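**Student:** Produce the entire structure from the sequences given, and follow the hints as far as they go.
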Amino acid sequence: MRWLVILVCLAGCKRAAEEPAAQVAARAASMLPSDVRLAGLYRASCQNCHGHPESGAPPAGYHFAWDARWKQGLDTLLSHTIGGYNAMPAGGQCFACSPADYKVLIRFMAGQPADAS
Amino acid sequence: MVSRRTVLGVAGGAVVAGAAVAAGEYALKATRDVEPVVPPSVDGHGRLLWRNWSGIESAYPAQRAAPAAEDELVAMVKSAPGPIRAVGAGHSFTRLVPTDGTLVSLDNFSGVSGHDVALLQATVKTGTRLGALGEMLAGVGQEMFAQPDINKQALGGALGTGTHGTGALQPALHGGVISFRMVTAKGDVVQASATESADIFNAARVGLGAFGIITEVTLQNRKLSRIRKRTELVPTGEALDRWPELKKAHRTVEIYVLPFTGMSAIITSDPTDDPVVPRGEDRENAALLELKMLRDYCAFAPWLRRWLAGQAMAGEKPVVAVDDGYKLLSNERPVRFNEMEYHLPAEVQATAAAEVLAAVEKNRPDVFFPFELRCIAADDAWLSPFYQRASGSVAVHAYYQNDYSFLVELVEPILRRYGGRPHWGKLNSLRARDFAALYPRFRDAQAVRQTLDPEGKFMNDYVRRVFVDG
Chain A
1 MRWLVILVCL AGCKRAAEEP AAQVAARAAS MLPSDVRLAG LYRASCQNCH
51 GHPESGAPPA GYHFAWDARW KQGLDTLLSH TIGGYNAMPA GGQCFACSPA
101 DYKVLIRFMA GQPADAS
Chain B
1001 MVSRRTVLGV AGGAVVAGAA VAAGEYALKA TRDVEPVVPP SVDGHGRLLW
1051 RNWSGIESAY PAQRAAPAAE DELVAMVKSA PGPIRAVGAG HSFTRLVPTD
1101 GTLVSLDNFS GVSGHDVALL QATVKTGTRL GALGEMLAGV GQEMFAQPDI
1151 NKQALGGALG TGTHGTGALQ PALHGGVISF RMVTAKGDVV QASATESADI
1201 FNAARVGLGA FGIITEVTLQ NRKLSRIRKR TELVPTGEAL DRWPELKKAH
1251 RTVEIYVLPF TGMSAIITSD PTDDPVVPRG EDRENAALLE LKMLRDYCAF
1301 APWLRRWLAG QAMAGEKPVV AVDDGYKLLS NERPVRFNEM EYHLPAEVQA
1351 TAAAEVLAAV EKNRPDVFFP FELRCIAADD AWLSPFYQRA SGSVAVHAYY
1401 QNDYSFLVEL VEPILRRYGG RPHWGKLNSL RARDFAALYP RFRDAQAVRQ
1451 TLDPEGKFMN DYVRRVFVDG
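The listed protein sequences correspond, in order, to chains A and B. Per the numbering used here, the very first residue in the first sequence carries number 1; after that it's consecutive. Per the numbering used here, the very first residue in the second sequence carries number 1001; after that it's consecutive.
The reader is advised that the hints may include incorrect statements.
Partial list, computed: chain A residues near chain B (C-beta under 8 Å) [claimed, not checked]:
| id | residue |
| --- | --- |
| 1 | 36 |
| 2 | 39 |
| 3 | 44 |
| 4 | 56 |
| 5 | 73 |
| 6 | 76 |
| 7 | 84 |
| 8 | 91 |
| 9 | 100 |
Computed far set for chain B versus chain A, every beta-carbon distance over 10 Å [unchecked claim]:
| id | residue |
| --- | --- |
| 10 | 1038 |
| 11 | 1044 |
| 12 | 1048 |
| 13 | 1108 |
| 14 | 1129 |
| 15 | 1131 |
| 16 | 1181 |
| 17 | 1225 |
| 18 | 1249 |
| 19 | 1303 |
| 20 | 1306 |
Derived by calculation from the structure, the hints in this document are not laboratory data. Small disclaimer: the values here were computed from a predicted structure and weren't measured. Built from N, CA and C at the ideal position, the CB exists for glycine as well.
**Tutor:** The following block contains the structure:
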């Protein structure tokens, strides 16, 4: 248990040093995809959690929370999105989204550049 | 719920850690968490997986539709393969949504399309998520009478399943509906209210998506109000004893019974003009995971579990927040679970809850989620669980990685014995003949549904079980 507490503390300290929580929250709440249709999908579903850090979901645009996830690969993140993973509900509760939409929205939230292809 | 210290304080945590070492493998065997198997993202026909929030229901719809406007929805209903099932956030635990036909998302039907300042009414599209609706209504100076516990559902799904808040004088969400607009199986658009197509209004207000697809509703709201929300921990026996008095004294009140701890949280709210005290950082989910940790390490010794919880919660002061009601009464619930909730005659609720608690504590040491006790005013929708009956609800949850069969096998028989009606979106084993005995106007609702959708275009297997005798 002690090592776990220490790890959690260290993670918390690093996160605190990474970026002020208020800044993370403000950015997450304000981010929207530039594409109007995707912005509508995002607003109706993803933003309900990823726009509000208190939900426990990785906040949109917060690299500290996203980079380790991004390293798993886009296909893995897509699979987790469609089927659900831990607190992430299946489909991200966006049932109007196609797999291609999910990929663009994952990139957007992870702060990764759009796929040129 | 309350502060982080509530469940596992510094001392308590240390003792739990020690208990974990002592319990070792036994504790792990006693409380196995198993991640549900995730079905393939795509089936053999290239159809994309749909899965509900908790992960126990899934389907591969042949078609998915997200119409942008009513005429598109009408055309889709006329031509798309059935069963046609509308989905919001997929938060129901029952098989309301799964279809191998057409899955319809109303995400494009979102927002407040009109409001009446004098009458405090607003017309809202049913794809609107509850988490967004509170702020939208606040923008026009209004709020719904009821605020459900969870903020993720779409309004249409919440209304169609009889979703509710809590308060002896507070009707469920559908109690505020004064009219709605619905696309029928034949592609007609019906406007229904107490004075226009009244049978459809009464039958389909809580309609499980079986009567048609409701695209917008006009809600009777009230003026936006600031509330004072107070959460205190008390022994469970005291909470249940005080329940009748609490229901009379507060606009909203609920009890979270914390199983295996001997303690409960009483949560009340009332209008106030006090200055805002924001709810602050959400500790409820951290507290929930601490209850889980207590379960993980102490399921082998209920006495230790109770003692540790008592130590951690002793002397905890009430927590108070002051803000607009929609900001305080609906919550993020990121820890997934499965749930059963029955609505009972108000006068037997506490007795039934105590019986359920005793049964769970005797038989299922793996349970750690709080039970929820809430109260709901009567209404007149034919399929409302609160039809002509002031009700008290008892909700029992199972962590999504744990076996939930006890809900039907252990909890449901008790709640049925007390005359309970199940929440339409939550686990139950009932079928048409059972509902006919519980709902005085069930046969009338069946007849309306049959007239509107004689070919069963909106009926999947589960909805058929609800509406068709057999």
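**Student:** Hints first: check each against the structure and report whether it holds.
**Tutor:** Going through the hints against the structure:
1. For residue 36 (chain A), the suggested interface contact is broken, since its CB lies about 12 Å from the closest CB of chain B, more than 8 Å.
2. Checking residue 39 (chain A) against chain B: minimum C-beta separation of about 12 Å lies over 8 Å; hint violated.
3. Against a cut-off of 8 Å between C-beta atoms, the interface hint on residue 44 (chain A) holds, since the closest Cβ of chain B lies about 4 Å away.
4. Taking 8 Å as the C-beta cut-off, the interface hint given for residue 56 (chain A) holds, the closest approach to chain B being about 4 Å.
5. At a threshold of 8 Å, the smallest CB-CB gap from residue 73 (chain A) to chain B is about 14 Å, leaving the interface hint violated.
6. The interface hint given for residue 76 (chain A) is violated, since its Cβ lies 11 Å from the closest Cβ of chain B, which is over the 8 Å cut-off.
7. Hint on residue 84 (chain A) holds. Least Cβ distance to chain B is approximately 5 Å, under the 8 Å limit.
8. Here the hint on residue 91 (chain A) is kept, as its CB sits about 7 Å from the closest CB of chain B, short of 8 Å.
9. Given the 8 Å rule on beta carbons, the hint for residue 100 (chain A) is violated: about 11 Å separates it from the nearest Cβ of chain B.
10. Chain A draws residue 1038 (chain B) into its interface by the beta-carbon criterion, the shortest separation being 4 Å against a cut-off of 10 Å.
11. Separation of residue 1044 (chain B) from chain A is adequate, the least Cβ-Cβ distance of about 16 Å exceeding the 10 Å criterion.
12. Not every C-beta of chain A lies more than 10 Å from that of residue 1048 (chain B), the closest at about 7 Å, which undercuts listing it as non-interface.
13. For residue 1108 (chain B), the condition that its CB be more than 10 Å from all CB atoms of chain A is violated, with the nearest at approximately 7 Å.
14. Distance check on residue 1129 (chain B): its Cβ comes as close as 6 Å (rounded) to a Cβ of chain A, failing to clear the 10 Å threshold; non-interface status is violated.
15. Listed as outside the interface, residue 1131 (chain B) is inconsistent with that label: its C-beta sits roughly 5 Å from the nearest C-beta of chain A, within the 10 Å cut-off.
16. No beta-carbon of chain A is positioned within 10 Å of the beta-carbon of residue 1181 (chain B); the least distance is around 20 Å.
17. Chain A leaves residue 1225 (chain B) outside its interface by the beta-carbon criterion, the shortest separation being 23 Å against a cut-off of 10 Å.
18. No Cβ of chain A comes within 10 Å of the Cβ of residue 1249 (chain B); the nearest lies about 30 Å off, and the non-interface call holds.
19. No Cβ of chain A approaches the Cβ of residue 1303 (chain B) within 10 Å, the least distance being about 21 Å, so the stated non-interface status holds.
20. With a cut of 10 Å on Cβ distances, residue 1306 (chain B) stays outside the contact zone with chain A, its closest approach being about 21 Å.
The structure fails hints 1, 2, 5, 6, 9, 10, 12, 13, 14 and 15 (numbered hints given earlier, in ascending order).
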